[in-house]
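Residues 1 to 240 (the UniProt record's numbering) make up the sequence shown, in order.
You may find that some hints are simply not true.
Simulated pairs of lysine to aspartate or glutamate, EDC-like, Cα-Cα distance not exceeding 20 Å [stated by the list, open to error]:
#, residue 1, residue 2
1, Lys-82, Asp-200
2, Lys-80, Glu-182
3, Lys-170, Asp-200
4, Lys-219, Asp-110
5, Lys-69, Glu-48
6, Lys-135, Asp-110
7, Lys-170, Glu-134
8, Lys-175, Asp-138
9, Lys-199, Asp-59
10, Lys-87, Glu-48
11, Lys-170, Asp-149
12, Lys-170, Asp-110
13, Lys-170, Glu-159
14, Lys-150, Asp-125
15, Lys-135, Asp-225
16, Lys-69, Glu-53
17, Lys-175, Glu-144
18, Lys-76, Asp-125
19, Lys-80, Asp-200
Quick caveat, the hints were computed from the structure, so don't treat them as lab data.
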Amino acid sequence: MAKTKKSARATLPPSIGKVLKRLHHPLDVILLCVRWYVAYSLSLRNLEEMMAERGLEVDHSSVHRWVIKLVPLFEKAFRKHKRPVGKSWRMDETYVKVRGQWKYLYRAVDKAGNTVDFLLRAHRDKAAARRYFEKAIDRNGEPETITVDKSGANLAALEALNADRPTPIKVRQSKYLNNVVEQDHRAIKRIIKPMMGFKDFRCARIILAGIEVMHMIRKGQMQDDGIARNPAEKFYSIII
Numbered sequence: 001m002a003k004t005k006k007s008a009r010a011t012l013p014p015s016i017g018k019v020l021k022r023l024h025h026p027l028d029v030i031l032l033c034v035r036w037y038v039a040y041s042l043s044l045r046n047l048e049e050m051m052a053e054r055g056l057e058v059d060h061s062s063v064h065r066w067v068i069k070l071v072p073l074f075e076k077a078f079r080k081h082k083r084p085v086g087k088s089w090r091m092d093e094t095y096v097k098v099r100g101q102w103k104y105l106y107r108a109v110d111k112a113g114n115t116v117d118f119l120l121r122a123h124r125d126k127a128a129a130r131r132y133f134e135k136a137i138d139r140n141g142e143p144e145t146i147t148v149d150k151s152g153a154n155l156a157a158l159e160a161l162n163a164d165r166p167t168p169i170k171v172r173q174s175k176y177l178n179n180v181v182e183q184d185h186r187a188i189k190r191i192i193k194p195m196m197g198f199k200d201f202r203c204a205r206i207i208l209a210g211i212e213v214m215h216m217i218r219k220g221q222m223q224d225d226g227i228a229r230n231p232a233e234k235f236y237s238i239i240i
């Protein structure tokens, strides 16, 4: 983060440099705002004021634009460095408001509390749950056990999934065993609270992905390359 604007941008991968080409603020300011927005309970206007206190004129709409452009690149890059998760998953969905309506963020953690995967869906039903399980298994491998709550939709999705598998995944329904994922939801909900709901489904999906990536980094889910780094440095190292 100590590099100059010109030299820092010159060393970025082409895909990142292309996105940043039309963004004219210093690179360290852009990355700082993006990280703070997905790491802490801050609104866009909070960040605008915080930058102003540092003598930097940054409009809140610019911060939003940076987040939407850069977070997908951070998420894609992070996937290459994500540690493998355990074979026993706890899955649950939580509510997220988009354009004044409740949408559903499907999430799972392993028994150690590591995030398996996440997916924002418009509906809470069998199709949404199955899509989540398919995505999570595709990216993280097949688990031995999945624990869900008493939701009939989640159970139906797993039963449909198992019907196509030579070795079925063991399914458990237990509210008590799912406490670990319900507790983990709180870290995500705490960050989005100042945002007062999302205005657009696509933007919600992108911002939630950034929050999830930062949450996983804090939990130590990024593979260590032998260099001691704090969570902020790990976040920046994904693309720099």
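Given the proposed pairing of Lys-69 with Glu-53, does the C-alpha separation stay at or below 20 Å? The given pair, whose Cα atoms are some 25 Å apart, is violated under the 20 Å limit.
Holds or violated: are the alpha carbons of Lys-219 and Asp-110 at most 20 Å from each other? holds, 12 Å
Between the alpha carbons of Lys-170 and Glu-159, is the straight-line distance 20 Å or under? Cα-Cα ~10 Å, so holds.
Take a quick look at whether Lys-80 and Asp-200 sit within 20 Å of each other, Cα to Cα. violated, 28 Å
Compare the distance between the alpha carbons of Lys-170 and Asp-149 with 20 Å, and conclude whether the hinted pair is satisfied. holds, 14 Å
Can the restraint linking Lys-69 and Glu-48 be considered satisfied, given a maximum Cα separation of 20 Å? Status holds; Cα separation ~18 Å.
Straight-line alpha-carbon gap Lys-82 to Asp-200, limit 20 Å: Violated, because 28 Å separates the two Cα atoms, which is more than 20 Å.
Hint consistency between Lys-170 and Asp-200 [alpha-carbon to alpha-carbon, up to 20 Å]: Distance ~37 Å between Lys-170 and Asp-200 Cα, so the pair is violated.
Given the hint that Lys-175 pairs with Glu-144, test it: the Cα-Cα distance must not exceed 20 Å. Roughly 19 Å between the alpha carbons, so the hint for Lys-175 and Glu-144 holds.
Would you mind confirming whether the straight-line C-alpha gap from Lys-199 to Asp-59 stays at or under 20 Å? holds, 18 Å
Agreement of Lys-135 and Asp-110 with the hint, judged by alpha carbon distance not exceeding 20 Å: holds, 16 Å
Taking only the CA atoms, is the gap from Lys-175 to Asp-138 under or equal to 20 Å? violated, 26 Å
When each numbered hint is compared with the structure, violations occur for hints 1, 2, 3, 8, 10, 15, 16, 18 and 19.
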